[in-house]
Amino acid sequence: MTGTARAGPTTGTPAAIGARLVRIEGPDKVRGAAPYAYEYPVDGVTYCCAVGSTVTRGRVRSTSADAIRQVPGVLEVLWHANAPRLATADGSELAVLQSDRVAYRRQIVAAVVAESFEIATEAARMLEIEYDDEPFAVELRADDPDLYRPDKVNPNFATDTETGDVDGALRSATYGVDHTYRTPAYHNNPMEPHASIAVWHGDELTVFDSNQGASPVRARLAELFGVPPGSVRVVAEHVGGGFGAKGTPRPVVVLTAMAARVVGRPVKMAATREQMFAFVGYRTPTIQRVRLGADADGRIVGISHEVVEQTSTIDEFAEQTAVATRMMYAGANRRTTHRLRRLDVPTPAWMRAPGECPGMYALESAVDELAIASGLDPVELRLRNDPQTDPETGAPFTSRNLAACLRDGSRLFGWTQRHAEPRVQRDGRWLVGTGLAASTYPARARASKATARARRDGGFDVELCAADIGTGARTALTQIAADALGVAPAVVRLRLGDTNFSEAPLAGGSMGTSSWGWAVTRACEGLRARLAEADGSVPVDGLAVEVDTKEEIERREQRPAHAFGAQFAEVRVDEGTGEIRVARLLGVFAVGRIVNPMTARSQLIGGMTMGVSMALLEASLLDREYGDYLNHDLAQYEIATCADVPRVEAHWIDERDDFVNPLGAKGVGEIGIVGTAAAIANATYNATGVRVRDLPIRLEKLIG
Amino acid sequence: MRKFEYLRPEDRARAVDLAANPDVKLLGGGTNLIDLMKIGVETPEFLVDTTRLGLDEIESRADGGLRIGASVRNTDVASDDRVRERFPVLSAAVLAGASGQLRNMATVGGNLLQRTRCAYFQDVTKACNKRKPGSGCPAQTGANRELAILGGSEHCIATHPSDMAVALRALDASVLIETEKGAETIPLADFYRLPGERPDIETNLPYGSLIVAIDIPAPRNGARSSYVKVRDRASFGFALASVAGVLRVADGRVAEVALALGGVAPLPWRARVAEAQLMGAPAEPDRFRAAIDAELEAAQPRPENAFKVTLARRIVVRVLNELAGATREGEAS
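So the sequences go chain by chain: E and U. First residue of the first sequence? That's 1 in my numbering, and the numbers climb one at a time after it. First residue of the second sequence? That's 1001 in my numbering, and the numbers climb one at a time after it.
FYI, nobody ran anything at the bench for these hints, they're computed from the structure. Heads up, some of the hints might be wrong.
[What the hints assert, rightly or not] Here are the simulated lysine-lysine pairs, DSBU-like style, with alpha carbons at most 35 Å apart:
# : chain 1 : residue 1 : chain 2 : residue 2
1 : U       : Lys1132   : U       : Lys1003
2 : U       : Lys1003   : E       : Lys29
3 : U       : Lys1038   : E       : Lys29
4 : U       : Lys1003   : U       : Lys1038
5 : U       : Lys1181   : U       : Lys1003
6 : U       : Lys1132   : U       : Lys1181
Could you put the whole structure together from the sequences, leaning on the hints where they help?
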């Protein structure tokens, strides 16, 4: 057959953006037909099991690797003495088995590769390791003399900022608060653990991997194994959650690829749940001193937010905990600082709104305390201090609708019916209280490529190496592509999660839809133009357009761009037992245009639910004697059950911010968790009169 | 590979025969034992499945009590009409534990023998006298928020995690067992041991025992019962403290009382001191408070779990007040 087929926009297609499109891959997931990394059938696959250090600081002296190699079914035992050198052994967490140094307890110090999972696991258990043990320090303290000032905080913010005479303003303020707030360490724990299958053919590596971005995993693997990026293919078609823990490669994928190279056969490995608490990242504990001063009218005159947190001895990760405080409220005199301590602990990393999440717990708790000190309603206090330009730079926000969120939320929640006086409202033995907190998260976008292709059968393929980690990205991008092409979503086949597709940034920082959606829009617009030029004719092998948004994104004017929100909580506390239950949670968000109301709502209420866990339950317990975190499973690391979140509502205001990207959407992934814990802490104070400044709020803090 | 043999005997004699082996673990629903095998805490060579022995019936006893087979699933205990009618405290306690999925699997016998969830016990890289006698107890000065305030020793302060056993303790239940020597009945009061110097020995079960059933004597005439459990989250959490209470008030005085505490001791803790003070005393809040205070005088809280003393006191008083109120209302109607 020769000639061309015709394709092109159908007239009168309803807009796909804004439609409640059901997740495209949902039926496959429900049927178990959607493959996750560990599930790809690979011939001759072998299994890798990592062995963690039982000392917290020291050196690996020797192992019984020679004996374990004799165990039937064991193919290889790797440790630093025989592990192949990585091309860039840079001393980071990814320098797996590159040195005899033990930097933290349960760090990977050896690995067994065997014919079966069971043999590998048991052989790993049998492996004896001798260490030289050294004294360690694992506990974060605000008065530690070894605190230091990092050069920057994640990802690239100034470590400290200072404007005006902060101490003077705080001293002369009519109303002031000065408190220290603490959050414990947290472990991300996506449902699907880090998992990889690695297959080498000569110097060509294929990896099936669970990650938030296959492109960055490919780049890093190529570096570490000294092969060109084009020789590495990373597939991550379906991912069972990440929450930041899979944002960058973690040791699992490096070890799997290393093991496969050594044994000359495919290797697979999944972190055990216990290992999810060991070497795949977590959130640093924080100690945050917040001082606020306001004049007689409740206008903030001084803000100081000083943060102490930890990093490891092998790498630096400085969570940007006080960064949101730089733009949140007006006030002429302001200071933020971050100090770190290098401890003998794993390196902290991204987790669920790094920076904003712990930082806004402290700031929004302090603002509530300021409202009480000044006698102003917490909504009113925030409205009085809501700036329309960035308080540090004076630059105008692309859009800032915090006030609308506060007002709408107040009305929907019934805020004005509350009693400002704590411990007044009761229902039998239950003390009832309400509280609110503001939310914010940056609206950013990264450069991405995308390819749009018209097929002769009238359908379209849109391909890019985006990641759908359960968020609904595949579905949202299909909607975006459909509108840009002017066709129905049903004729668009959106393919992602494979480095064979156009290079794309990771799913993180609430940037996915913005970054990928931008590229998809441009690719589809480009294809539509090409089709129009060709009068709709499609060649035999299709017509494709690939774009890269790099130049467009670099060209645009830089302005502060943020999403906002207001969260309201109703909390009930059993007066006798101190049991705390969140009866109601209501959030109103200004997050730009909503691409898919169904998946967006899931993102927001999911974030709010994680916020409930943060407020009341989650804590990684430091074992001071042994030096690691004690929790090893989800029975010891509690998160909210359905019974803990009887009523969670997410609303959004009508906002479209065309400055942030061509879609006008700001991202919905992280903002749901920001502020939730403060809203619940503030409601708990209103219910009980007890101000808890160290999370989680557990019953002993209310009845002690 | 660590191998174990899975055996599924079809009759009790064979099961009893198999049980007399130090390398055997008896398997009920597996909701705890299998987890412990995965993390290397339990390493049996033989796993003997006890769920096909015909021990899955709940029968009425001649005295009006119940006999619950050892492999009856927790869900079936909680939903049994006779249990709900005669022993509502047991149904409530079972439903307060674990999750629906776990209760569907877990058996009565296995529930009694489940192990502590102490974090040190569950980590084979750390010391634990219960897991490895003589290795030490880091919980004494470490993470002990969830651990015992009553009945612990310098060697172990683990708590027994069961809710069901707390109710059974208040109901004066007995455990029916079989060994090679024959059948035997062990009152629940004598079933568990305090840790003392040997926290690794948790029960007084004779060697090679097969738990066959639990006997619950007839409910006390006119007594009311209830179960209150306090935990961090609304569902699917172990008790920080719980109480199973049984009370009968006559002429304003306590005529019968049974109180068992969960989440505070290495075994379901029968509050005998409090009960002795309450018997015959006026059924009044002051007396309730004084009685539980007397019981808790023996408490040895650790830094992280001192709150459990307050908590236990308050839920006991609450339960007694509610039961006394209910009793009085019952008399009035």
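Requested in this report: List in ascending order the numbers of the hints, as given earlier, that are violated by the structure.
Outcome: Structure breaks no hint.
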